[in-house]
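Hey, can you work out the whole structure from these sequences and the hints?
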Amino acid sequence: MSADIEENVLELQGVVVTFGGLMALSDLNFKVRRGTIKAIIGPNGAGKTTLFNVITGSFPPTEGTVRFNGRPIQHLKAHNIAALGISRTFQTVELFGNMTVIENVMLGCHTRFRTSFMASGLALPQSRRKEKQIRESALKILKFIGLADKFKDSADSLPLGEQKLLEIGRALASEPELICLDEPAAGLNETETYVASSLIKAINAKGTTVLLVEHDMKVVMNISDEILVLNYGQKIAEGLPEDVRNNHRVIDAYLGGVA
Amino acid sequence: MLRIAKLPIAIFALFIIVFPWIARQIPAIGNYTDIMVFVGIYCLITIGLSLLMGYAGQISIGHAAFFGIGAYISGVLTAKYGMNAWACMVIGMTVAAVVAALVGAPSLKLKGHYLAMATLAFGIIVFIIFNEEIEWTGGPDGMSGIPGLSIFGFEFDSVERYYYLVWGFVLAAFVFTVNVIQSGTGRALRAIHASEPAASAMGVNVSRFKILVFVYSAVLASLAGSFYAHYLNFINPSTFDLFFSIKLLIMIALGGMHSIWGAIMGTGLITFLSYEWLRYFEEFEIIVYGVILLFVTVLLPDGLAGVPKIVKGWFRRKVSDER
Ligand SMILES: Nc1ncnc2c1ncn2[C@@H]1O[C@H](COP(=O)(O)OP(=O)(O)O)[C@@H](O)[C@H]1O
Ligand SMILES: [Mg+2]
Chain F
1 MSADIEENVL ELQGVVVTFG GLMALSDLNF KVRRGTIKAI IGPNGAGKTT
51 LFNVITGSFP PTEGTVRFNG RPIQHLKAHN IAALGISRTF QTVELFGNMT
101 VIENVMLGCH TRFRTSFMAS GLALPQSRRK EKQIRESALK ILKFIGLADK
151 FKDSADSLPL GEQKLLEIGR ALASEPELIC LDEPAAGLNE TETYVASSLI
201 KAINAKGTTV LLVEHDMKVV MNISDEILVL NYGQKIAEGL PEDVRNNHRV
251 IDAYLGGVA
Chain R
1 MLRIAKLPIA IFALFIIVFP WIARQIPAIG NYTDIMVFVG IYCLITIGLS
51 LLMGYAGQIS IGHAAFFGIG AYISGVLTAK YGMNAWACMV IGMTVAAVVA
101 ALVGAPSLKL KGHYLAMATL AFGIIVFIIF NEEIEWTGGP DGMSGIPGLS
151 IFGFEFDSVE RYYYLVWGFV LAAFVFTVNV IQSGTGRALR AIHASEPAAS
201 AMGVNVSRFK ILVFVYSAVL ASLAGSFYAH YLNFINPSTF DLFFSIKLLI
251 MIALGGMHSI WGAIMGTGLI TFLSYEWLRY FEEFEIIVYG VILLFVTVLL
301 PDGLAGVPKI VKGWFRRKVS DER
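One line per chain: the protein sequences are F and R, in this order.
Per this note's numbering, the very first residue in the first sequence carries number 1; after that it's consecutive.
Per this note's numbering, the very first residue in the second sequence carries number 1; after that it's consecutive.
Treat the hints as calculated values from the structure; they're not laboratory data.
The reader is advised that the hints may include incorrect statements.
Mimicking DSSO-like on lysine-lysine, the simulated pairs with C-alpha atoms at most 27 Å apart in a straight line are [stated by the list, open to error]: (1) R:Lys-309 <-> F:Lys-152; (2) R:Lys-309 <-> F:Lys-77; (3) F:Lys-77 <-> R:Lys-111; (4) F:Lys-152 <-> R:Lys-312; (5) R:Lys-6 <-> F:Lys-132; (6) R:Lys-312 <-> F:Lys-150.
This is the structure we're talking about:
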């Protein structure tokens, strides 16, 4: 079992999610190998975002287990899961619009630097020191995602492409082991898409495991190590990109619709 | 970073220091120092409450109860049991903190505005206790004989001395709160305000922060209550009724929910209205507040704190028109 823990960052077993009568995920099983990029694809309404919500603790699954580094996490709250090392972005941008670019990333550091209410109210040296570290750490990330020169701008003043990058930066700030990206290229033009997919590759090259939901097949085929295909909450295929591309069930359910 | 400028705080502190002297020079406002003591006491409450409303996005309709808890604990323990007044203040704040955690936790763990309902019920219950526990509280007639405050033999026995004592605490609470807002805690609170799902996905324990701020605001309200009791030497339940809780909300709405400066301005204005300028309206006072509130929500969505921005906007438009 310990070898398994080494190998897989994430493992889902028999995960079911129902909303009233609707089965959004049914008996889902899969693993994510450490250090890989795994893409989840499928038509709208297939259950991809629901899957992310379950993994990151927005709500618990109706049934089944989610293991992170071998440890069941399906009963944990979102903030506990974040502290364990899973981070995410949102399909529709959920930035803190009332804050600046750098503050958004600084908030992403929340799990790494704890300050008490008392210490910050009294402005103790330790809390000032931490605040400085957080700032430096955030600035480094802004350089990495290419937004360092906009650090003072208000987050909601950025164009969509940069907002999506900033969300990725905020998610990176917690130094996660696993990052879940929900349609990072949606709504982006070709150049922006290229920037985003290069960034995802760079994140992965640093050792972070990536779980990627994306509709842009060029991005998916280019950067994923493995692909899982969902349809109506069920896994209909899983494997290497070239295998999935040629799978007839996938072509019927998803790619066929496009071609 | 969210920076609250230091200069205005310094200017404000200076104003507070010289105010009693100014009031002494002008007979017409000779009693204003006394009213300013009450402004200070109420500011202690609204500073915490504005953090709760403006940053944690929660409404409490029961802060009169925490105010009353401080006042009655100080009053009863000093007048009836002769305990040290400062120790009683700390006891009051501790009790308020525990009670706030118990009242707040269940509703703040849920999404939505359950805190408003929980605190409404809580405020009513506490008000009933103040009225019914006659043996301790003196019931509706209130209790008198609460001693004044002194430290190392120095008596805060004049209006001006008490004024400086209370405002010293107000400024300390103000600076403390500003520090909190500018720290990681404040950032977490603003994040919660903007997007709870994103905040919790980034590791922010949303309910913990809301409870923390609620407890903090209750502790400040209790401290204010202790100061109130020792200043008037007499308390009765009607001070701590539902209307007072609502009045606190009006102060904050008038000042501007998203600014601590707003809380101070709103508190000052409403307190002077009710203690001085609207004294002759008596029961109609509440109608005046209603009208004020209506005007503010329609004309000044950011309250008094938003006025400088509006004026700047006019000025800029005027300058560009003239060009
Ligand atoms: N909170 C919810 N309540 C009810 N139904 C939901 C909820 N979230 C998602 N669904 C439904 O679950 C299904 C899967 O949705 P979703 O996970 O968003 O799909 P995808 O991200 O693959 O497009 C859809 O039919 C959607 O309407
Ligand atoms: Mg989706």
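We went through each hint and held it up to the structure:
1. R:Lys-309 <-> F:Lys-152: Answer holds: Lys-309 of chain R to Lys-152 of chain F is near 20 Å, not above 27 Å.
2. R:Lys-309 <-> F:Lys-77: violated (41 Å)
3. F:Lys-77 <-> R:Lys-111: Judged against 27 Å, a Cα distance of about 14 Å means the pair holds.
4. F:Lys-152 <-> R:Lys-312: holds (22 Å)
5. R:Lys-6 <-> F:Lys-132: Roughly 19 Å between the alpha carbons, so the hint for Lys-6 of chain R and Lys-132 of chain F holds.
6. R:Lys-312 <-> F:Lys-150: Cα-Cα ~26 Å, so holds.
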